[in-house]
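Here's the letter readout for the chains.
Number of protein chains: 4
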Amino acid sequence: MAKRRHWIEQLAHVELLTPKPEESLHFFRDLLGLEVTAEQGDSVYLRGWGEWFHHTVKLTAAKEAGLGHGAWRVESEEDLEEAARFLEAKGLGVGWVEEGDLGQGRTYLFRTPDGHLGELFYEVEYYQAPPEKRAALRNRPQKRPYRGADVRRIDHLNLFASDPTPCRELFQEMGFKWHEGLWVQGQVEIGAWMAVSNLSHDLAFMRDPTGAKARLNHLALWVDTEGEVVRAAELLREAGVFIEYGPGRHGISEAFFLYVYEPGGNRIEIYSGGYLNFDSNWGPILWEFEDLAERALATAVVGGPPPDSLFAYGTPVVHPQAAPQP
Amino acid sequence: MAKRRHWIEQLAHVELLTPKPEESLHFFRDLLGLEVTAEQGDSVYLRGWGEWFHHTVKLTAAKEAGLGHGAWRVESEEDLEEAARFLEAKGLGVGWVEEGDLGQGRTYLFRTPDGHLGELFYEVEYYQAPPEKRAALRNRPQKRPYRGADVRRIDHLNLFASDPTPCRELFQEMGFKWHEGLWVQGQVEIGAWMAVSNLSHDLAFMRDPTGAKARLNHLALWVDTEGEVVRAAELLREAGVFIEYGPGRHGISEAFFLYVYEPGGNRIEIYSGGYLNFDSNWGPILWEFEDLAERALATAVVGGPPPDSLFAYGTPVVHPQAAPQP
Amino acid sequence: MAKRRHWIEQLAHVELLTPKPEESLHFFRDLLGLEVTAEQGDSVYLRGWGEWFHHTVKLTAAKEAGLGHGAWRVESEEDLEEAARFLEAKGLGVGWVEEGDLGQGRTYLFRTPDGHLGELFYEVEYYQAPPEKRAALRNRPQKRPYRGADVRRIDHLNLFASDPTPCRELFQEMGFKWHEGLWVQGQVEIGAWMAVSNLSHDLAFMRDPTGAKARLNHLALWVDTEGEVVRAAELLREAGVFIEYGPGRHGISEAFFLYVYEPGGNRIEIYSGGYLNFDSNWGPILWEFEDLAERALATAVVGGPPPDSLFAYGTPVVHPQAAPQP
Amino acid sequence: MAKRRHWIEQLAHVELLTPKPEESLHFFRDLLGLEVTAEQGDSVYLRGWGEWFHHTVKLTAAKEAGLGHGAWRVESEEDLEEAARFLEAKGLGVGWVEEGDLGQGRTYLFRTPDGHLGELFYEVEYYQAPPEKRAALRNRPQKRPYRGADVRRIDHLNLFASDPTPCRELFQEMGFKWHEGLWVQGQVEIGAWMAVSNLSHDLAFMRDPTGAKARLNHLALWVDTEGEVVRAAELLREAGVFIEYGPGRHGISEAFFLYVYEPGGNRIEIYSGGYLNFDSNWGPILWEFEDLAERALATAVVGGPPPDSLFAYGTPVVHPQAAPQP
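Chains as they are written, first to last, in the numbering used here: chain Y, 83 to 408; chain C, 83 to 408; chain L, 83 to 408; chain A, 83 to 408.
In short, the hints are calculated from the structure, not lab data. There may be inaccurate statements among the hints.
Given that identical chains are not distinguished, each listed pair holds provided it fits within a single copy or across any two copies.
[Claimed, not checked] In silico EDC-like pairs for lysine to aspartate or glutamate, Cα to Cα no more than 20 Å straight-line:
1. 225 / 372
2. 145 / 160
3. 85 / 373
4. 102 / 112
5. 295 / 146
6. 145 / 180
7. 85 / 160
8. 225 / 196
9. 145 / 170
10. 225 / 214
11. 295 / 316
12. 145 / 121
13. 145 / 181
14. 225 / 316
15. 85 / 146
16. 295 / 160
17. 85 / 164
18. 225 / 320
19. 102 / 372
20. 85 / 205
21. 215 / 170
22. 85 / 161
23. 172 / 336
24. 225 / 112
25. 145 / 376
26. 85 / 320
27. 145 / 255
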C-alpha cells in the first residue's frame, strides 16, 4: 500500500451564499457567537473564538443559498505546487489566484468532479486580538465571548453530489482517509465520511436524490460539550430558528449533533464530540441505507429516526422540491 | 521550513510496571473499565472499549512502579525502516525485535536521550470482539461495557526527564509538533507538550526536580465527557483511590482532568476535551513557571492551584522523596 | 384562599404489573440499576441507590401490564386518619389494611375518580445497607452501584384517565398544587401536572383518548444529570430496548427526558432536571393542545415533535389500539 | 412527634451590602446574568431569569460588605400573623412594616438569636416581562438572557453565627427540617444545614471562629447543570474574579459548587444539583469536623480539600483576620 499523501492539513474555511445577508449575519454572529474579522464587498468574514486563522466562515450575499467554495490549507508551498499539478493533470484545475482572498496567500482553485469549487493555499494570516480581547490563557487567540451558542471552531463540510463516488475517490487520492460509508446493498454509494485529520470526518459527500450538482448539505460548527449543543438547541428555538433534527448522537462519527437552517436557508450543524482516529489503515466502515433500522442507527444512536429532509434538502433549493416548512 | 516528517501516526500503547499487579489490575479493569485482551507471563494486556488495537495498556509485575516502555505506531514499513535508521544514527537505537510483542509485528527499540525505552512498529493485530461483545454500532470494536469509569482510549504519555530539552528535540525531529511549553524566564525548560496527531498533546516531557532519569509522570486515559470525569472522581474516591488533583480544566491543553495514583503508585490522568490543532506551524505557546499565578493558570483555568507533588512525584519513587500520603 | 392541606409529603412507591416479570426485572435491575430489596410472592421490591425507603418500585407479575397502585406517604398518623376520613366521605375509600405491605405500616386504600388504586401510609421501614454496601458519604443510604443507568430515585407518576378533571380536583383538595395544564381551547382538559412537593410535578393526569379507565401513562425515574439521560439512551438502545421519544427537554416542567417501554410494555421515563416551585400560589400555566406548534413546545423545547403514541399508548394496552412496533 | 409547622414556604430574597456598588452590580448583572428589576435609593433589585418574584437579590451600597437581611415568604396572611406572634413571644421580634419594601406587602421584621435581621411577608409582586422579554415557554417568567453565568434562581443562604445552635433551633421551631450537621465529637455544633423546602438545604448556620455575630458566610445562586458551574468558573476567572474553591461536589448536600468573592467582598456560591428530600423525619446526618478526612469528604466528595478560609472568612471582614489575597 502506497503511503498516503500529506499535502492537506485541514479544512480552512467555507464560503456560504445567502439571499438574506443581514439575517444570516445576525444568526452567525449573535446566535452562534462567531466573531467578525472583516467585511469586504458583499462578504463578511467570521471565525470562532478558538480559531487562529483570519476567518473560517465567509458569508456572501447572493441570489440563492448554497456553497461558495470550500478551502483547505496545505502543509507547505511545495505541497501546494504538487497538489495543483495533480489537480491540473486530472482536468479539475481552475487556476491560480496570485493574490488570495483576505487573510490568505496565493491560492489554487479547482472543481470537484461534481463541480463544487475548492481552494488550496498555504500562506495564512493569523488573527491578532486587540488588547481588550486578549485572553488570560496564552494558548487562546482571544477571550471566549460567551455570546450565543459560543461556537469555538469550524468542524466539517458535508456536500451533496449527484454522484459521491468520484468525489470521494479524488479526495482519497489527495490523502483523505475514508472512514465510513452508507451504501445500498454494497452497490450504490449514498454517503462517504472522510478525514484528512484525526477527526471522524472533516469532509463528507452524500448522494443528492434530486440529481442536482454541487449543492451543499451542511456546514458543521463545533462547540465544546454536549451540554452546549443542548443549550444551543434551546437558544435557537427560542430565537425562532428552524430546528430540523436533534439533539442526538450520530451512529456514524458518534458525535453529538443538532441540525438547523440558518435564515438564508443553508443547513448548519452544531456539533460536539465524536471519535478520533489516528490510524491511516482504519476503515471504511460501511452501513446499509435501505435497511431502515440500520439507517436510523447510522444516523443517530441517541435521538429519534432521521427526517427524510436530512437526505434530500440542500442548498441551493432545487424546485419543485420544497424545503420543509418550519 | 522543511516539511515535518510523517513517520509516526500515534501513541500505540504504554507498558506500566507495578509492584501490586493484582490491585493494579483491579484498578484498570474494574474501576477504570478497561478490557483485558490477553495475559502472558507477568503481564496483562488491556484496551479501552473504543480501541481497535490489540492493547493500549500493558501492565507488568515488577519490583517498582514506573514506565516499562512507550510504543508508537508508524504509517508504513518504509517509515519504520527510515525511523530506525534515524535513531540508529543518533546513537539512540537499541535494536530490532523480529517477532514483536503480543498483537504487534517487528519492532524497533530505542531510548530517549533521558533513557526511556521506546518501541516503533507498523504491523498491528486488530481486536476482534467475540459475538457477545459485538456492538450494534458498526464503527465500534465492541459494545461499551458500562463498567466503572468506562475509559474509551489511551490519550497521552507524560514523561519526567532529567533534562526535557533533548527529548523534546528528538521527537520534533521525528515529526512531533511542539505545541506548548513551561519555562523559567525563557531560560530553563520545565515542560514540553507535543503532538504527532491533532491532539493538544499526545506526548509531554517534564523536568524531573530530583534529577532522576527516565521516570514516568503520568499516563492519561480518555473518557468522552467532562461529566464522566466528574463521575470518575466520585467513583474512585468512594473506592478509596488516592485523588491527587482535580477535577479541573487545564490552561495548557484546555482539557478536563483528574489525577489519581493507581495502587502500584503510577499517576493516572482521567482526561477529556481539550483543543485540537490542525496546523503544523502553530506554537509553541510558552508559559512562565516561576510566576505562580501564571503557573496556576497554565495548570488549571478551572480548579484550584496545583499541588507541588504534580511537579515532583513520579515513578519509580525516588527516595527519600516520599509520595504524598493518601 | 384557604391554606392548602399538608397531609401528603411524597410519592412513596409505584407498583407496576408486568406479563414478563423476568425480563422486566432484568430491565429495572441491570439496565436501570435499581437495587432489589426484597422478593415476595409474585413481586420484587426495588429502590434507587439514593433512596431511604424500603422500596419505591414494586414489580408484580400479572397477565397484563399496567398500574398496580400508587402509594403516597403522609406526614403523620393524624394526617393519615384525616385523609382517610376525607376519602371515605368522598365515597372513594376502599378501606384499611392494618398490616401494610413489606416496608410500610398500616395503610389506607382508595380509588381515584377514574379508578386507579391508591395507598396512603405513614410508617415506613428505612433501608439499612449491609456493611459491604455502606457509603463513605454519611448522607447516602448506600454506595452508588454504578450499574446501568444508575437511577437514583423515583420522580413522578403519570396516569391516563378517561376524564382527568375530577382526578386533578381530588388531589388538589388533598393539597397538591396544580402547576401546568394542557387544554383544548380552555374547554377540555387534556393533561394536568401537579405537585405535593417542590418538584415541577410528582403526579400528572392525562386524558386517555381510548376512553379506557385507570391506565398508566408512565412512571418517571430520576438520574442526576442530563448527561446521564443521554448515556442511558445509548445504553438502552444498545440493549435493544424500544425508545419511544427523546432525549429532549420538555416545555412543561422543563425537565430532560427519555421515554422507553420496559419489556412488560409499561412506558418508563428517564428524567433529570426541571424547575422547582416553592410557591403555593403559582400556576396553573395553561398550554393549548390543538395548536400543534404549541403542543410541540409544551412537550419538548429541545428535541423534535412528540410522537402520537405519547398521547395514546398506555398500559394495559387497549385493543385494537396497537403499541408502536419497536 | 408534633407535626412540623408549615408557615414558611421559601427563601424569598437576600439583601447584600457592598462597599463597591458599581463593581458588585457589574458582577451580578453582567457576569452572573441576573436581571435588574428596579433601582431605588442606594439599592438595586435583581432576580434570576427563572424567578417570578419581584426580586431575590437586593444589592445595597454600604460602608462594609455583609448581610442586609434575609427574607422568607410565608404561605398565607394567617401564617404571617402566627409566625409574628411566635417571634414576638421569643423576644426576637423587631416589628411590623406596614408598607413593605419594593415588590412585597406588609412585613414582619425579626432577629435571629445571633442578630441577623430577618423579614417575613406573604404578599408579593410577580414579575411581568415586557413584550420583548416574553418567553415562548409559557411557564417561564421571561426569556433566558444567555448572559454570563445565566443564574436561574436564588438557592440558599449560609450564615455565620457566634453560636449556631440557638439559630438552628429557632428555625426548627418554625418548621425547618434539620438535614445535616458538622460537629466536634458530638459536643460542639460547627454547622447546620436546614430546609423548609425539599432542597438539601435552603438555610445553613456555621460557627464563626472569630466569635463575631451575625456575619454572612455566603449566598448561593443556582445554575441548571454542572456544566454551567464549570463554564461559570472559567468565565469568572477570565474576568478576574477571585475563586476561592471549586468546582467540586459537596459531601453534605451532594451539590456541585463553586465559591467566589464578589467585588464587594461577599462570598457567592454558584450551585447546581444536590439531593432532594421529601421526608420530614429524615436527618439529621452528623459529620465529624475534627477528623480531617471526614471534614474533607463532608465538604467535597469531588474536588480537593477545603481551604481554611471556607470556615473562617465572612462578611463583614473581622480585623485583624484578613481575607485571602486573590
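Alpha-carbon proximity context of residue 85 and residue 320, limit 20 Å:
neither (50 Å within a copy, 37 Å between copies)
I want to check one pair: residue 145 and residue 170. Are their C-alpha atoms no more than 20 Å apart within a copy, between two copies, both, or neither?
So residue 145 and residue 170 fail the 20 Å test inside a copy (30 Å) and across (62 Å) alike.
Reference check for the pair residue 145 and residue 121, CA-CA at most 20 Å: within, between, both, or neither?
within (19 Å within a copy, 49 Å between copies)
Give the relationship of residue 225 and residue 316 under a CA distance limit of 20 Å: within one copy only, between copies only, both, or neither.
The answer is between: 11 Å across copies meets 20 Å, while 24 Å in one copy does not.
Could you place residue 102 and residue 372 in one of the four classes (within, between, both, neither) given a Cα distance threshold of 20 Å?
Close neither inside one copy (37 Å) nor across copies (33 Å); limit 20 Å.
I want to check one pair: residue 145 and residue 376. Are their C-alpha atoms no more than 20 Å apart within a copy, between two copies, both, or neither?
Answer is neither: 38 Å inside a copy and 34 Å across each miss the 20 Å cutoff.
With identical chains treated as interchangeable, where does the CA-CA distance between residue 145 and residue 255 reach 20 Å or less: within a copy, between copies, both, or neither?
neither (34 Å within a copy, 51 Å between copies)
Same-copy or cross-copy closeness of residue 225 to residue 112 [CA-CA at most 20 Å]
Both: 16 Å inside a chain and 16 Å across chains, each within 20 Å.
Within, between, both or neither: residue 295, residue 316 at alpha-carbon 20 Å:
neither (34 Å within a copy, 36 Å between copies)
Please sort residue 102 with residue 112 into within, between, both or neither, judging by C-alpha distance up to 20 Å.
For residue 102 and residue 112, the Cα distance is within 20 Å only inside one copy (15 Å; across copies 31 Å).
Intra/inter-copy verdict for residue 225 and residue 372 if alpha-carbon distance must be at most 20 Å
neither (47 Å within a copy, 24 Å between copies)
Homo-oligomer pair classification [residue 146, residue 295; C-alpha up to 20 Å]:
For residue 295 and residue 146, only the intra-copy Cα distance (15 Å) is at most 20 Å; the inter-copy one is 55 Å.
When each numbered hint is compared with the structure, violations occur for hints 1, 2, 3, 6, 8, 9, 11, 13, 15, 16, 19, 21, 23, 25, 26 and 27.
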